[in-house]
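Number of protein chains: 4
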Amino acid sequence: MADLETIQKKILSFRNECDWAQFHDPKNLAEALSIEAGELLENFLWKTTEQSRNLSPDELKNVKEELADIFIFLTYLSEEYKIDLLAEVEKKIAVNESKYPVEKAKDRVASIPIYKKRALL
Amino acid sequence: MADLETIQKKILSFRNECDWAQFHDPKNLAEALSIEAGELLENFLWKTTEQSRNLSPDELKNVKEELADIFIFLTYLSEEYKIDLLAEVEKKIAVNESKYPVEKAKDRVASIPIYKKRALL
Amino acid sequence: MADLETIQKKILSFRNECDWAQFHDPKNLAEALSIEAGELLENFLWKTTEQSRNLSPDELKNVKEELADIFIFLTYLSEEYKIDLLAEVEKKIAVNESKYPVEKAKDRVASIPIYKKRALL
Amino acid sequence: MADLETIQKKILSFRNECDWAQFHDPKNLAEALSIEAGELLENFLWKTTEQSRNLSPDELKNVKEELADIFIFLTYLSEEYKIDLLAEVEKKIAVNESKYPVEKAKDRVASIPIYKKRALL
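Protein chains in written order, with my numbering: chain A, 250 to 370; chain B, 250 to 370; chain C, 250 to 370; chain D, 250 to 370.
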């Protein structure tokens with residue numbers, strides 16, 4: 250299996266060959282990521298939450314591609330700010346763990362309004 | 250530096266402790282990812298593309314947290330479908346490279362409509 | 250009841266007093282509308298489709314405000330292009346009616362992939 | 250020119266003929282509106298804010314259709330909650346005017362972080 254660093258280098262090397270960095274300011278990258286997130290969501294539209302667990306093979310294929318696209322834009326944005334994405338994720342996990350102690354968060358995510366925001370983390 | 254697998258295990262282990270998997274059907278996860286993408290975008294609202302390259306320290310901190318949140322939801326969705334996210338990204342890069350040969354894509358992303366879709370990849 | 254034209258004039262007159270038109274290029278307005286749509290969606294996150302029909306009074310109040318905000322941005326964008334929003338909607342309804350004859354669309358929106366796109370119209 | 254009420258009746262009458270109300274719970278409608286907002290935004294992707302003021306005729310046509318689609322989903326959601334959309338907009342304008350007095354908001358929307366949230370209103 251390829252490791253994260255190798256994949257991110259591949260993504261950036263393709264971009265360099267196409268000279269696309271000139272268009273990739275963070276405002277446009279954040280727009281692109283948001284548009285891709287909408288395309289991901291489209292696969293679940295008009296479904297119940299139960300139905301969303303049973304995608305057709307075509308829908309599943311499309312979902313996988315959208316997830317990959319979103320990761321590619323995360324990589325571009327990480328490069329823009331010269332950040333180590335995994336290190337940021339680790340920091341965020343620590344924030345979540347201290348903010349939302351398990352004994353409070355357990356089982357409650359959807360039913361109690363005060364936990365709603367938490368659920369997004 | 251932590252590797253991807255270790256981080257993804259941490260993310261899922263926190264979720265298990267809170268018993269949140271019961272709320273995490275893919276329809277809701279895709280909604281959450283889309284909402285987070287909107288929150289990321291909010292940091293660039295009312296800015297020109299040039300201004301978007303010069304965030305305040307507070308905005309930058311917020312951007313990093315949103316990128317981490319988006320990665321966390323990519324991880325949940327990958328777990329739902331039991332997919333190896335990096336492997337999917339590798340496949341998508343290969344698709345992009347064959348679909349958009351460098352000699353055609355070079356420099357053109359923003360100016361030629363036909364290349365617009367491509368730029369999202 | 251106030252009519253549409255009066256309301257749209259009020260929206261634009263408040264903007265003029267604040268001199269906000271200078272920031273309201275269509276790229277930023279479309280971003281703002283997309284961010285607001287994410288905030289609307291947040292009221293339904295972690296709910297089943299059934300639960301989404303039974304919002305708390307606080308959530309309902311918030312939903313109404315988000316719908317109003319989205320309408321305000323539709324008005325700004327209509328002003329930008331000097332278009333009559335209702336006339337555009339009428340045209341779109343006619344397009345939908347001819348593209349999706351009732352005998353084909355009836356009852357099928359969610360179950361048949363080919364109708365998915367249609368359902369968005 | 251058609252008035253708002255007539256248009257909204259047309260929108261709902263087409264929906265009734267297709268029996269689509271069964272799929273139109275608010276969670277799915279909010280998803281649809283968010284997806285449409287992403288499609289609107291796509292017309293401005295990779296553009297500078299200046300370029301976004303000069304769309305090609307094809308892009309402009311597409312923008313108008315997306316604005317119409319978003320209005321259609323506002324109508325469905327208003328029907329769901331039996332609200333008078335224009336009345337809600339009027340209330341929101343009053344909220345904005347009292348929250349953001351002109352002497353403070355004037356000219357400042359994009360440059361001062363504290364005014365950012367306000368700008369969305």
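Worth double-checking, as some hints may not be accurate.
Simulated restraints, written as ranges between beta carbons of each label pair [said to hold, decoys possible]:
(1) D:E254 - C:D307: 43 to 53 angstroms
(2) B:P350 - A:Q271: 15 to 25 angstroms
(3) D:E254 - A:S347: 44 to 54 angstroms
What the hints contain is simulated information worked out from the structure, not anything from laboratory work. Backbone N, C-alpha and C define an ideal beta-carbon position, used for all residues, glycine too.
A quick look at each hint next to the structure:
The given range of 43 to 53 angstroms is broken by D:E254 and C:D307, whose C-beta atoms sit roughly 29 angstroms from each other. Checked against the given bound of 15 to 25 angstroms, the beta carbons of B:P350 and A:Q271, roughly 19 angstroms apart, stay inside it. At about 53 angstroms, the beta-carbon gap between D:E254 and A:S347 stays in the expected band of 44 to 54 angstroms.
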